[in-house]
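Residue numbers (this note's numbering), protein chains in the order written: chain A, 1 to 450; chain B, 1 to 331.
Some clues are possibly wrong.
When the alpha-carbon atoms are kept at most 20 Å apart in a straight line, the in silico EDC-like pairs for lysine to aspartate or glutamate are as follows [unchecked claim]:
#: 1; chain 1: A; residue 1: 447; chain 2: B; residue 2: 176
#: 2; chain 1: A; residue 1: 97; chain 2: B; residue 2: 221
#: 3; chain 1: A; residue 1: 442; chain 2: B; residue 2: 176
#: 4; chain 1: B; residue 1: 66; chain 2: B; residue 2: 83
#: 5; chain 1: A; residue 1: 239; chain 2: A; residue 2: 123
#: 6; chain 1: A; residue 1: 418; chain 2: B; residue 2: 99
#: 7; chain 1: A; residue 1: 270; chain 2: A; residue 2: 309
#: 8; chain 1: A; residue 1: 442; chain 2: B; residue 2: 98
#: 9; chain 1: A; residue 1: 191; chain 2: A; residue 2: 206
#: 10; chain 1: A; residue 1: 270; chain 2: B; residue 2: 176
#: 11; chain 1: A; residue 1: 372; chain 2: B; residue 2: 183
None of these hints come from the bench; they were simulated from the model.
If you're wondering where the values come from, they're calculated on a predicted model, not measured in any experiment.
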Amino acid sequence: MRSSAFSRRRALRATAAATAVALSVTLLAACGSSGGSTSTATAEDGKPVDLLFWGWAKGTKEVVEAFNASHPNIRITFEEIPAGNAGGYAKLSNAVKAGNAPDVFNVEYPQLPDFVSQGAVQDISKLVGQDLKAKYLPQAAELTSLGGRTWALPLDAAPQAFYYRKDLFEKAGITVPKTWDEFRTAAQKLKAAQPETRIATFFPDDPTTFEAMAWQNGARWFSTSGEAWKTDLTGPETKKVSAYWQQLVDEDLVRVQPSFSQQWTASLQKGETAGYLGASWGGGVLKSNLATTPDAAGKWAVAAMPSWDGTPASGMLGGTTFAVSKDSKKAKAAVEFAAWATTTPEGIKARIASGTSSTYPAATELVPTAAKAFNSDFYGGQDLYGLYAHAADSIKSGWTWGPVMGLTNGTVKDAFGKVAGKTGTIDDALAAAQQATLAELKNRGLKVAQ
Amino acid sequence: MTTRATRTKGTARPGSGARPGATTRTSARAAAPRRRGRYGAPAVLLAPFLVLFTACTLVPIGYAVKLSLFTEHRSGLGFGGTETVFTGLGNYTRALQDEAFRDGFLTITQYCLLYIPLMTALALVLALLLDSALVRAKRFFQLALFIPHAVPGIIAALVWMYLYTPGISPVLDVLETLGAQPDPLGHPLPAVVNMALWQWSGYNMVIFYAALQAIPREVLEAAVIDGAGPLRTAIGIKIPLIRPSLAMVGLFTVIGSLQLFTEPMILHNTAPGVTSTWTPNMYAYTAAFERGDYGLAAASSVLLAVVAAGLSFAVTRATRSRSERAREARA
């Protein structure tokens, strides 16, 4: 009797313990990573190479499908992650830290040095031949080589462009401004004619638009001399741009709204904002953001970015690259995929035919392919790519992104918030970012030129 | 011997298969396995908790502490890879010296000063109303006021962001036609407090209401017989008697406030006033994911945890003496 009671209890205890162990094992498994890419499969054994790819650029899904259909030796698994600054970069750096990064991922030009400096990116110099490199626009290719080595393949060049409402400009009797002086005059005329309408927007949440303007004026925020970094966020070229924009904001000639926010979209829909100073990819974004707005189609047009002296000049606003992660053992296949996606007509066609992308390919010989694939009814049939091509040629070379761009941009963004709240100026923001960047460079042990 | 017998007898529970008679007869032989049984059952029952607690709380905390003691160093241009070096308390001093981190605590303090009195007052008034004889459809109101809490924080934040955004928000549109010029996104602190009020008042009201229901009815009857009206009963009898609940809600709210993250993070994208380091949690997030500085992120998280632990200790102590005083008052 007793022994049976004991054994029953023991059995119960054992079951409970087993359940507990099982429970915790499942939970632990759930806590852990969802599998990395550590296998070293090669095409030699007849099996295709499996590549994991993280990205978010528009039309990527279509590109991967087209690649998989035409390449039996490589099989890409595409996982869409949030756009870089919306959480994608956080996810990436976490995965790198945890050792389960994807083989290949998208990273934008400004963040590439940061990722390289964190040791997340593999040096692919040996896999990228001169003939491949020569296919890319030089201004884009130079942003992917750091310290004399190649770290990524450029997908697009992103020359600046000015999108505007033809009808609203006509109503106010203004022509497309060619210089920044004309732009201010046009802004005043537009506001006088339609007090509720502004010519464009200052994005307090987006340092990159401002950076492109500084770049256009010949500023170089970062440069290297020997093994040391030089940081110059407050030079005369930048100051000229900041003074100009400060005045536009102070005189209420531009709207101050976060980029791509509901607010911004709503004011475009209502015709309260008549223009958008963006980049080549903005053509697709604008089109899809306003797709459901009645009568929007056909009213928009694109013009070259105003410049300071009237001659074409452009910076670069964003733009995406393909990078291979540090620990991937399948770099060769990854580079093959990246080269296909960025330099073949099939790769570019698949992206643009998705309908949402107006990517300007960094591989310049594909521009006609892209132009043909892009439906420009929204812009009244205007030849967007012809305009982008001129702008791309006018991108100033020599710009380098810094190695702590996350912090630099974060500081600018926080301080631009005060510009929006009228408690600070653009110059304050640049000074704060210059100081914070220098401190961070030193903190990371990087050399800073005096 | 006697003590052991009573003790063993005490552990015999209904359904355990042991009878008191059997125990006394075989007490000497049974003592050893009995004792094992006494510790065995709690051990088995505690095991799942302890395993999970270790795996999901202690180990991550240990890892965070370890991370916080190291930093990554590069040299030259920084493209030659990183080197992890021990820095002792270096990350802690860096966090404490950073004005942005200290400002985060200032934000939290301002938030608490505005939010806690408002929320407590609102929840208490609602609970007292429900508890009084004045309100009909008690169940309906209880549920209706609780529902906001069932909405996930992130969804609530998105909905509120929509309501705060000029040009889209129907509420702001109506206010504007009435001549007001509200700018909630320009005043992030009240905006966040409002979101928290909406989400938590109903929840805390339920806690207060439950405490009010537990007040002995004869005490309230005695008050009524002594001539106290509803208001006098509420202020003089009910509130003092539910003080422990008030203190508990206060404690949870302070700890919760320290961890303020979701709502400001959502607002960060549209309200320029909400910087990336607006609260200490956001500071840690930014340090890790914008700056790639995991050491600094870990150090600031540990500091935040220490502050939270210190505050809980202080509030618990203050509460205990107060509830003891309340018990004396009752006696």
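Taking the hints in turn, this is what the structure says about them:
no.: 1; hint: 447/A to 176/B; result: violated (54 Å)
no.: 2; hint: 97/A to 221/B; result: violated (65 Å)
no.: 3; hint: 442/A to 176/B; result: violated (50 Å)
no.: 4; hint: 66/B to 83/B; result: holds (16 Å)
no.: 5; hint: 239/A to 123/A; result: violated (36 Å)
no.: 6; hint: 418/A to 99/B; result: holds (17 Å)
no.: 7; hint: 270/A to 309/A; result: violated (33 Å)
no.: 8; hint: 442/A to 98/B; result: holds (15 Å)
no.: 9; hint: 191/A to 206/A; result: violated (24 Å)
no.: 10; hint: 270/A to 176/B; result: holds (17 Å)
no.: 11; hint: 372/A to 183/B; result: violated (46 Å)
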